[in-house]
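Here's the letter readout for the chains.
4 protein chains.
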Amino acid sequence: MLIVMNVAHTKEQLSGVVRHIRKMGFKAHVLPGVSSTAVGITGNPRPLDPSLFEVLPGVKQAVTVSKPYKLAGRDFKRADTVIHLKQGGLAIGSDTLVIIAGPCAVESEEQTLRIARKVKKAGAHILRGGAFKPRTSPYAFQGLGLPALKILAAARKETGLPVITEALDLESLEAVYKYSDIIQIGARNMTNSSLLREAGRLDKPVLLKRGMAATIDEWLMSAEYILAEGNSQVMLCERGIRTFTDYTRNTLDLNAVPVVQKLSHLPVLVDPSHATGLRDKVAPLSRAAAAVRAHGLMIEVHDRPDEALCDGPQSLLPAQLKELIAQLRAMGKVLGYKL
Amino acid sequence: MLIVMNVAHTKEQLSGVVRHIRKMGFKAHVLPGVSSTAVGITGNPRPLDPSLFEVLPGVKQAVTVSKPYKLAGRDFKRADTVIHLKQGGLAIGSDTLVIIAGPCAVESEEQTLRIARKVKKAGAHILRGGAFKPRTSPYAFQGLGLPALKILAAARKETGLPVITEALDLESLEAVYKYSDIIQIGARNMTNSSLLREAGRLDKPVLLKRGMAATIDEWLMSAEYILAEGNSQVMLCERGIRTFTDYTRNTLDLNAVPVVQKLSHLPVLVDPSHATGLRDKVAPLSRAAAAVRAHGLMIEVHDRPDEALCDGPQSLLPAQLKELIAQLRAMGKVLGYKL
Amino acid sequence: MLIVMNVAHTKEQLSGVVRHIRKMGFKAHVLPGVSSTAVGITGNPRPLDPSLFEVLPGVKQAVTVSKPYKLAGRDFKRADTVIHLKQGGLAIGSDTLVIIAGPCAVESEEQTLRIARKVKKAGAHILRGGAFKPRTSPYAFQGLGLPALKILAAARKETGLPVITEALDLESLEAVYKYSDIIQIGARNMTNSSLLREAGRLDKPVLLKRGMAATIDEWLMSAEYILAEGNSQVMLCERGIRTFTDYTRNTLDLNAVPVVQKLSHLPVLVDPSHATGLRDKVAPLSRAAAAVRAHGLMIEVHDRPDEALCDGPQSLLPAQLKELIAQLRAMGKVLGYKL
Amino acid sequence: MLIVMNVAHTKEQLSGVVRHIRKMGFKAHVLPGVSSTAVGITGNPRPLDPSLFEVLPGVKQAVTVSKPYKLAGRDFKRADTVIHLKQGGLAIGSDTLVIIAGPCAVESEEQTLRIARKVKKAGAHILRGGAFKPRTSPYAFQGLGLPALKILAAARKETGLPVITEALDLESLEAVYKYSDIIQIGARNMTNSSLLREAGRLDKPVLLKRGMAATIDEWLMSAEYILAEGNSQVMLCERGIRTFTDYTRNTLDLNAVPVVQKLSHLPVLVDPSHATGLRDKVAPLSRAAAAVRAHGLMIEVHDRPDEALCDGPQSLLPAQLKELIAQLRAMGKVLGYKL
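Protein sequence lines, in the order shown, are assigned to chains A, B, C and D. In this text, residue positions in the first sequence follow the numbering used here: the first is 43, and each later residue adds one. In this text, residue positions in the second sequence follow the numbering used here: the first is 43, and each later residue adds one. In this text, residue positions in the third sequence follow the numbering used here: the first is 43, and each later residue adds one. In this text, residue positions in the fourth sequence follow the numbering used here: the first is 43, and each later residue adds one.
Copies of one chain are not kept apart here, so a pair can be met inside one copy or by any two copies together.
Simulated crosslink set (DSSO-like; lysine-lysine; CA at most 27 Å straight-line):
| no. | residue 1 | residue 2 |
| --- | --- | --- |
| 1 | 199 | 246 |
| 2 | 364 | 304 |
| 3 | 375 | 163 |
| 4 | 109 | 69 |
| 5 | 364 | 375 |
| 6 | 163 | 380 |
Please keep in mind that the hints were generated in silico from the structure rather than gathered at the bench.
If we strip away everything but chain A, and leave its shape as in the complex, we get:
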């Protein structure tokens, strides 16, 4: 249920509506908009009767929301969410195509700084690098952990690039929150509700990857877990779904970008590196993601892919990233985005 206030409502009327909702045992989310203010109700086990709210002073209309998600939907918030990063002054969800690039994993300070300088020079906006790696095998390299976070902080200091890295559990979330500009929640944790809720209580942007077999609705419901706790800085990232196909690791679902953009106001990025697992497919699918007007790209880059501790075969070389960014920039002039 969404309670839309009159344009000329008073502060008292607004808090009266909130109090009324709470007395009924539900949660009230005040959603200030440019031209109108609304109050979202969550926690109601079944649809409510609009007339219960339309009699309250200052209320223009009570709208039943048809989708299982509420705060993530366009019904609740018409305008695109734009996430402003302090570090670097970047706006994600705007008309800028945001490029996140860097190695799969932070392997050493030397490796990370070296690659950070190269991706910056190539034109990337944000540095990625895994500190805590979710791996299928317990025997595979699991990341350097805390030392990797300090290396990322050093790379940020030197290059000025904001950084993003993944949190796997409550413990690593606390550490990632401390060091990183954006908190990544990976595909394997998209349904880890405890982690989502805890990320929702933080005041830093969260990038939520789509689970390998998640429908669009389920993905938005996972975003809703974060939003419902009060953190409105959520961006989504499509990274390939599991299908029957061979040749690529997963099937990058670019259909999802315009679909999500119609349903939700949250920014949508695309990770072609994990989706395909193949270096020579990253550039064409990055261009395709720009062509469907994704808000950003997340690309793995390594200057010595043969030595990489993980995912070397899918990493672009810095020179390839530079060339790709030049191409994406030229496409932007036609398609109406900046880079």
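Following the hints, complete the assembly by docking chains B, C and D onto the known chain A.
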């Protein structure tokens, strides 16, 4: 097995190799290339020993081909296949992004001519229109049949556009062959081996759509059925695969375009209309298909979609097609294709 | 729309209803039942108003059918369809668990007769054997064709077992119709509407396999193509669907058996051999198919699997079939079927 | 790598092998068997040379393990793992078909005790009931939490049935460990490596459900996360995979049962309730799971399904459970299991 001839081989040596292969009970396919000539062997139930051929005069090398398909693969033919249409002088598989557009079904002469003029004016190269419609339900509109072919011929005469339409079985194949510039074999018939073989005996280009659950290898094997009969004018068309996702009818698999282009020399087109089933998703995914460098697009267009006898909700309006083509043309300047 | 007649309706009233339907431009299917007679209407592009028919003399009720299929649905025909084979006196769709067994392909008269005797001795009811083989590769063994049909006829003559074999196109359909007791339409041809329609005009039972990516509704719609032409002797066969899983060729979908049995009156069989592609998985999944109360099983058997021209690795040995049938027979005493 | 000791090896030789492995920087897992003892090595980034170990005193053979999982595989441990529950004296993984039954969620003490008595009377061995519920929506009922665990403990005390309930995160894991006989890790957390590792450090049995899009190898790798920490009491539970199909919530993959049983020594159970989401499909698919020789079943039961706070439509009534168990028991006499 692929027999590569010496650059300086004689005609006699070449026909000697062919005779040798036939004597062994196999089929020989002479494959003349720009710089070298090769002979492909098919019909061998299991791998052959290269030394059986390397002793023959004029033979440089005998190469075992690792893929289940042969004639469809880059091992057999390095250079891209370019299909030249007589009508319109179009080259499919070249650096031109070919636009096929028109109604889902031919409904009447008036409707088809009207739309044909509009798609031509919008910049399309080829007119599509279903005469024989494969439908899930036996009670749904199955197409006008033969009269529709005559209407398409009339539209070609008036607009100069070559036409493409689907054949469903041997009977309709004969009729389509007579009237159409390109024979379409649809997703539902991708594994109809009799139809594929018969199309392989014709001397007109064939567009082979990918089956809804076909792997890349299976799709190329279906192309191989056509090629093995002697028709080398085969183009492929990705049209969405079946996955678990909601919101779009199928999942357009753009990963498939660069994957196929690496494995095969055949042109690859994309049909975003059937893949998504939604008008507002056609333009973004068309741009994405161009961005992965598909060789062409197949787009449904109707000027009165609410009256369309089939697939109205996914048809672009002529004005939308025009706008899309303008955008694709501008992208082509950046990406290196013509339109 | 289904017109249910009064119990005490006259012959004139029934033909009046049929005439009325035809005058409206639709097709009428008289469906005589044990206790009541109904008339199904097909060919109507959109739902009809029941009152148009309820005023006719002798009509009890006009029922709108909610599913896209009509003749295949329980709305049209409540009672299970039982298909009686002349050869062998077998009833498919009854409380007998029907066992179809035999080699993947007819390879020679000697091989087929030898295996036919063994599967009969093991307790099978029907002999299977491919004459026309649909293959992914044009270079794979495509079956012996017409001579194989004659071999099957000889095996029937000797053993008394009815036979089933697959038709691939209109040409082979005619031949199969002549020689075989049941006509098989394979997964690759489930959406070949011409073949379905032609099979619908014949007076022999048809076994329709589920396409690899067919939903239940699509499968029943394919059955509807056959039924709509007048052939009511259709049985269905689940043979594994395409999913992301590894280790087995396809995923046998046993959920489909009770689902289809609720929606449709047609018999449902299961083919565990093609679903798994693995000999040691055939027995457990056969038992599982019996446990969900499939009406029959289709099992590949070969006495010399290492020499088999196709699908040797999934074929049971005759001794394994015998042991499996013994086990299935014992289960039948608990589960209420005969064997 | 698996080091197989001589039958007549000494204790000193065994600890010498362990020391040697640790000196190389790897982890040693002593695996005592009935007739022979082996030592598994994990933590090695790449395959090791067998000769490094075969020279050590007491070593019979060093075997390279080909699968990505080690401790979960039959290479490491030939004999079936049997998990003995103290409460109730039950052996999971033996020739008993174990029945776990109970409500989706613990709703109140009254409701849980009432249903616990009924499932016991119907013949179930273990009581299930959710205390912490993983839900797609943050607004759906999330379970009673800690009070629910105390209710389960009370139900165990009264009925004598051991209990199983799900842990969602480290916090609930600690509580579940304290109160429950078996710790369940759900499909949504199958790739939550922190939770898996922590469960691996506990000394209670863990039931690990298969993720909705997990391949068999990935599922066994998740089990490996638990095993690698030292907890060898792991049982697996198939609960339906995500496919394109309609009508059932997921596709129960019974193929997986014999596949896993060949690859791994761990017990495999089946949950037909979540797989299908439909009450009338639970009994046939339970019989099918018994027919492929799953080691147990996990079935939702509610005596007032219309009032259930979650998953009422898929819950069996107690009388239906009783009837099903009677049928499964009779099948066991044929198939060789006890119940």
